[in-house]
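J.: So the chains spell out like this:
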Amino acid sequence: MDSKRNARDVAKVVAPRFVLARCQAVPALIGRHEDFLHISGLAGAVYDLTALTNHGDHFYGLGGAMGAACMMGLGLALARPDKRVLVTTGDGELLMSLGALTTIAVINPPNLSILCVDNGHYGETGYQVSHTGHGVDLEQIAQGAGIKLTRTVASEADIADGARILRQGNGTAFVLLSVKPTDAPRVKLNLDGAVCRETFRRALLHKS
Amino acid sequence: MDPKINAGQAPRWQDQLYDELRRNNITQFAYVPDAGHSVLIDRSLADPGAHSVGLTSEEEGVAMLAGADLGGARGVLLMQSSGTGNCVNMLSLIKGSRFPFLTLITMRGEFGEGNPWQFAMGQAVEPVLKAMGVICLRIERPEDVLPSIKAATTMAFQSGQAVAVLLAQKLVGAKKF
Chain E
1 MDSKRNARDV AKVVAPRFVL ARCQAVPALI GRHEDFLHIS GLAGAVYDLT ALTNHGDHFY
61 GLGGAMGAAC MMGLGLALAR PDKRVLVTTG DGELLMSLGA LTTIAVINPP NLSILCVDNG
121 HYGETGYQVS HTGHGVDLEQ IAQGAGIKLT RTVASEADIA DGARILRQGN GTAFVLLSVK
181 PTDAPRVKLN LDGAVCRETF RRALLHKS
Chain C
1 MDPKINAGQA PRWQDQLYDE LRRNNITQFA YVPDAGHSVL IDRSLADPGA HSVGLTSEEE
61 GVAMLAGADL GGARGVLLMQ SSGTGNCVNM LSLIKGSRFP FLTLITMRGE FGEGNPWQFA
121 MGQAVEPVLK AMGVICLRIE RPEDVLPSIK AATTMAFQSG QAVAVLLAQK LVGAKKF
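Chains E and C, in that order, give the protein sequences. Everything in the first sequence is counted per this note's numbering, starting at 1 for the first residue and increasing by one. Everything in the second sequence is counted per this note's numbering, starting at 1 for the first residue and increasing by one.
No wet-lab data here; the hints were simulated from the structure. There may be inaccurate statements among the hints.
Simulated restraints on C-beta separations [claimed, not checked]:
| hint | chain 1 | residue 1 | chain 2 | residue 2 | range |
| --- | --- | --- | --- | --- | --- |
| 1 | C | Gly112 | E | Gly144 | 38 to 46 Å |
| 2 | C | Pro48 | E | Gly144 | 27 to 35 Å |
| 3 | C | Asp47 | E | Leu191 | 55 to 63 Å |
| 4 | E | Arg164 | C | Leu146 | 47 to 55 Å |
| 5 | E | Arg164 | C | Pro142 | 52 to 60 Å |
| 6 | C | Pro48 | E | Arg167 | 26 to 34 Å |
| 7 | E | His134 | C | Leu45 | 35 to 43 Å |
| 8 | E | Pro81 | C | Asp19 | 39 to 47 Å |
| 9 | E | Thr125 | C | Pro33 | 30 to 38 Å |
| 10 | E | Thr125 | C | Pro48 | 24 to 32 Å |
Think of the CB as a built atom: it goes at the ideal place given N, C-alpha and C, for glycine as much as any other residue.
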C-alpha cells in the first residue's frame with residue numbers, strides 16, 4: 001500500500017510537466033511535414049501523424065509491433081542518407097524499446113530525429129499511468145544512451161528550439177514533448193501495413 | 001581481415017557467405033555478438049560499403065531491416081537460436097506488412113550441446129519461426145552453405161518472403177563446456 005501511495009504522490013508532483021495540448025504542439029513542432037520521411041509508432045503517435053500528413057505517402061505508421069518505430073527509423077535513415085527521417089513515438093512504446101536508443105546513439109546517423117510524445121499515460125488502453133507519469137525522464141535516458149542532441153519541450157516557449165533541433169542534422173536528435181493526457185486527433189487509420197509499405201516505397205523509390 | 005584472428009580456424013564457407021550476401025546488394029548487417037557469426041560480423045565492420053549495427057536485443061534488428069526495405073535497401077539479421085525468441089512479436093511487422101526478411105541463425109541446443117540452458121529455445125526455433133510465417137532453410141554441411149544462401153536471398157528479395165537460414169550445430173560446431 002505504501003508504495004502505491006508513494007507512486008500517486010510522485011504522479012501529482014510530475015503532473016505540472018504535462019500541460020501542452022498534443023493536437024497543437026505536435027504540428028507546431030514538426031512544421032512542414034513534407035521535409036521528412038516519417039515513421040510513427042502505434043497508438044497516439046500514429047493518429048498524430050496520420051492527421052498531420054493526411055495519410056501521406058511519405059509516412060509509414062504502425063498499428064502493432066510495439067517497440068519497432070525507432071529501429072525502423074534507423075534502418076530507413078541508413079538506407080537514405082539523402083533524406084531526413086523523423087520517428088514519432090510515445091512514452092509507452094519508447095519505454096518498451098529503450099535499448100534501441102543506445103543502439104541508435106552508437107551509430108548516430110545525422111539524418112535521424114526522434115520525437116517522443118510523452119503524456120505520462122497509456123492512452124490507448126484506458127489511460128493507465130506510465131512510468132514517465134511516475135517521474136521517469138526519457139530525455140535523461142536518451143542522454144545517458146549517448147544521444148548528444150536532446151531537448152524537452154514542455155511549454156509554448158520551448159517549441160521553436162525543439163523544432164530547430166529536429167532539423168539540425170549534426171547527429172541524431174531526440175526531442176521529448178510533454179503533453180496533457182488527452183486523445184490524439186481521432187482520424188481513420190490505414191491499418192493495412194502491406195498497403196502502407198507499398199505506397200511509401202512507390203513514392204520514395206520511383207520519384208527519387 | 002586480420003590474419004591472426006582468422007588463422008587456420010574459420011572455415012572458408014563463412015567468407016563465401018559474406019561475399020554472396022554482398023553480391024546480392026545486402027548493405028545492412030544487424031547482429032547480436034555471436035562466435036558462430038564472428039567472421040560475418042568482422043567483415044561487415046571492416047567493409048566501407050556496409051552498415052554494421054550491433055543490437056542490444058534481436059527484435060531491434062527485425063524492425064531495422066523493415067526500415068531498410070522502406071528505403072530500398074537490403075539487410076540481414078545475424079543471431080543465435082536463443083535470439084529467435086526475442087523476435088516473436090516483432091515478426092508480426094514482417095508478416096503484416098509483407099516485408100522481405102532474411103536472418104541467419106547459428107543453432108544451439110541440438111547436436112552435441114553441452115549446456116542444458118540452450119535446449120528449450122534451440123528446439124523451439126523452427127516451430128516458433130514457422131508459426132510466425134518465416135520459412136526455415138537448415139544447413140548441416142559446408143558445401144550446402146553457398147547454394148542455400150543463394151536460394152534464401154532469391155526467396156527473400158525477389159519473392160518477398162521471410163526466410164531464416166539455420167546454421168546447424170553440426171556445421172558450426174558445439175561449444176565445449
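J.: Next, verify each hint and record whether it holds.
T.: Hints, verified against the model:
{"no.": "1", "hint": "Gly112/C / Gly144/E: 38 to 46 Å", "result": "holds (42 Å)"}
{"no.": "2", "hint": "Pro48/C / Gly144/E: 27 to 35 Å", "result": "holds (30 Å)"}
{"no.": "3", "hint": "Asp47/C / Leu191/E: 55 to 63 Å", "result": "violated (38 Å)"}
{"no.": "4", "hint": "Arg164/E / Leu146/C: 47 to 55 Å", "result": "holds (51 Å)"}
{"no.": "5", "hint": "Arg164/E / Pro142/C: 52 to 60 Å", "result": "holds (55 Å)"}
{"no.": "6", "hint": "Pro48/C / Arg167/E: 26 to 34 Å", "result": "holds (28 Å)"}
{"no.": "7", "hint": "His134/E / Leu45/C: 35 to 43 Å", "result": "holds (40 Å)"}
{"no.": "8", "hint": "Pro81/E / Asp19/C: 39 to 47 Å", "result": "violated (25 Å)"}
{"no.": "9", "hint": "Thr125/E / Pro33/C: 30 to 38 Å", "result": "holds (35 Å)"}
{"no.": "10", "hint": "Thr125/E / Pro48/C: 24 to 32 Å", "result": "violated (46 Å)"}
Comparing the model with each earlier hint shows violations of hints 3, 8 and 10; every other hint is respected.
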